[in-house]
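Model the full structure from these sequences, guided by the hints.
Protein chains: 2
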Amino acid sequence: MAEPEGSGPITGLRDLKRERNRVLTAETAWRLFIQRGYDNVTVADICAAAEIAPRTFHRYFASKEDVIGEPLRYMTSLVSEHIAGAPAGMPDPAVLRSAMHKLGVFVVEHRDWLGALRTVIQNSAHLREGHQGVPPEREQEIIALLAARHGTSGEPSWQQRLQVAYAVTAFRIWHDEFLRGKVLDPLAQLDEMVATIELTSS
Amino acid sequence: MAEPEGSGPITGLRDLKRERNRVLTAETAWRLFIQRGYDNVTVADICAAAEIAPRTFHRYFASKEDVIGEPLRYMTSLVSEHIAGAPAGMPDPAVLRSAMHKLGVFVVEHRDWLGALRTVIQNSAHLREGHQGVPPEREQEIIALLAARHGTSGEPSWQQRLQVAYAVTAFRIWHDEFLRGKVLDPLAQLDEMVATIELTSS
DNA sequence: ACCTTCGTGGCAGAATCTGCCACGAGGCAG
DNA sequence: CTGCCTCGTGGCAGATTCTGCCACGAAGGT
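In order, the protein sequence lines correspond to chains W and F. Per my numbering, the first sequence starts with residue 4, numbered consecutively. Per my numbering, the second sequence starts with residue 4, numbered consecutively.
Hints in this document: simulated from the structure, not taken from any laboratory. Quick caveat: nothing in here was measured; it's all calculated off a predicted structure. Just so you know, even glycine gets a beta-carbon here, dropped at the ideal spot from N, CA and C. Keep in mind that a hint or two might mislead.
To be verified - Partial list, derived from the structure: chain F residues whose beta carbon lies under 7 Å from chain W:
#, residue
1, Thr14
2, Gly133
3, Ala168
4, Tyr169
5, Thr172
6, Ile176
7, Asp194
8, Leu202
Structural data, given as structure tokens:
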């Protein structure tokens with residue numbers, strides 16, 4: 004009996020194959036969504052293109068809709084790692100600003116691809132409502148990480164919750180404006196928008 | 004041929020019956036959800052209790068999930084009406100603050116019922132992600148209403164978008180804290196939280 | 001009173017998602 | 001290296017959600 008690793012995908016040959024197939028399936032799905040639209044692609048189509056069984060698809064992803072959320076999950080993991088690795092002395096607003104900036108760099112780098120995915124979401128009646136922005140669960144995660152930085156136990160204050168929520172909200176608005184091509188200097192604009200969270204910490 | 008009324012549910016005897024059945028169906032669904040949990044209630048169950056055909060259910064609601072969104076839709080309509088009826092001279096932040104306050108009064112009045120519904124959402128894996136807060140579409144609606152107040156045509160500025168987004172975000176955080184029973188003077192706290200949007204308008 | 005409009009219910013079917021089981025490749029001692 | 005265990009995969013049946021289609025009957029207008 005090894006260590007009780009519950010989730011961490013370690014370096015097993017089997018796990019590697021699994022993860023490769025998972026990523027390949029997701030990319031296949033995205034490609035099909037972009038080509039034909041989310042509603043015109045069935046799980047069977049994805050499985051045929053990715054050469055896996057439908058049963059296996061639902062082991063990789065909780066639902067067809069779940070495949071769309073994959074990039075967002077990755078982006079939130081970026082934020083979490085960035086916060087966890089931030090210097091100990093840095094104040095919370097600065098940590099949040101740098102995390103959002105890092106996320107902005109990622110979005111700018113993958114602009115075309117994220118834009119295509121955004122179009123897919125906009126064109127599907129099922130996805131349009133509820134698939135923008137960071138879900139509250141992830142906000143809680145960020146709040147917990149920030150609290151852990153200075154060892155504060157107990158419930159977070161509403162100021163903390165609000166500041167984190169404002170940060171991801173500002174990012175969401177910027178993300179939308181940027182992908183719609185309405186911004187000249189994207190990262191500068193992002194910094195300016197995220198800077199507004201500073202004012203709430205009076 | 005009458006006026007080309009496309010959507011407005013007017014005073015027809017037929018429309019009245021339809022609307023009564025719709026509301027009755029929704030309330031029946033909520034009761035079942037609260038009693039047995041969202042995942043343990045099928046559309047067939049709801050239809051049996053409400054004495055309608057499953058086919059009719061899906062004419063009332065786009066999906067089973069859609070029944071949950073009904074209260075939120077009503078609450079956003081409250082906000083829209085409040086903004087549309089606000090005095091012409093009042094500045095945007097004040098309009099937003101009063102609208103959120105009015106919404107807060109509604110939530111406090113229906114605390115028990117909304118709290119039960121919140122528990123239903125929290126206990127369902129399907130609903131937990133993506134069913135909190137105001138969807139971006141409604142934000143756009145609020146932004147448009149505010150813009151219409153002082154006749155500004157063209158695209159809204161990012162400051163305007165951010166301010167509206169902050170307002171509904173602050174309300175969401177308050178709403179969550181309030182329903183978890185962590186607030187002593189709810190409406191005062193709400194006002195204090197929503198007041199933070201004022202600082203972004205520099 | 002007649003005709004039109006339209007909400008309702010029933011049916012068939014597509015599509016999503018899950019529980020169950022058997023097969024086979026990866027992984028682990030001995 | 002061999003045998004055994006683990007576990008990812010695929011196939012199958014079934015529940016459930018959702019939609020297109022059609023007929024019936026009540027509401028509404030002439």
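Right, here's what the structure says about each hint:
no.: 1; hint: Thr14; in the structure: violated (30 Å)
no.: 2; hint: Gly133; in the structure: holds (4 Å)
no.: 3; hint: Ala168; in the structure: holds (5 Å)
no.: 4; hint: Tyr169; in the structure: holds (6 Å)
no.: 5; hint: Thr172; in the structure: holds (5 Å)
no.: 6; hint: Ile176; in the structure: holds (5 Å)
no.: 7; hint: Asp194; in the structure: violated (13 Å)
no.: 8; hint: Leu202; in the structure: holds (4 Å)
The structure is inconsistent with the numbered hints 1, 7, although it conforms to all the rest.
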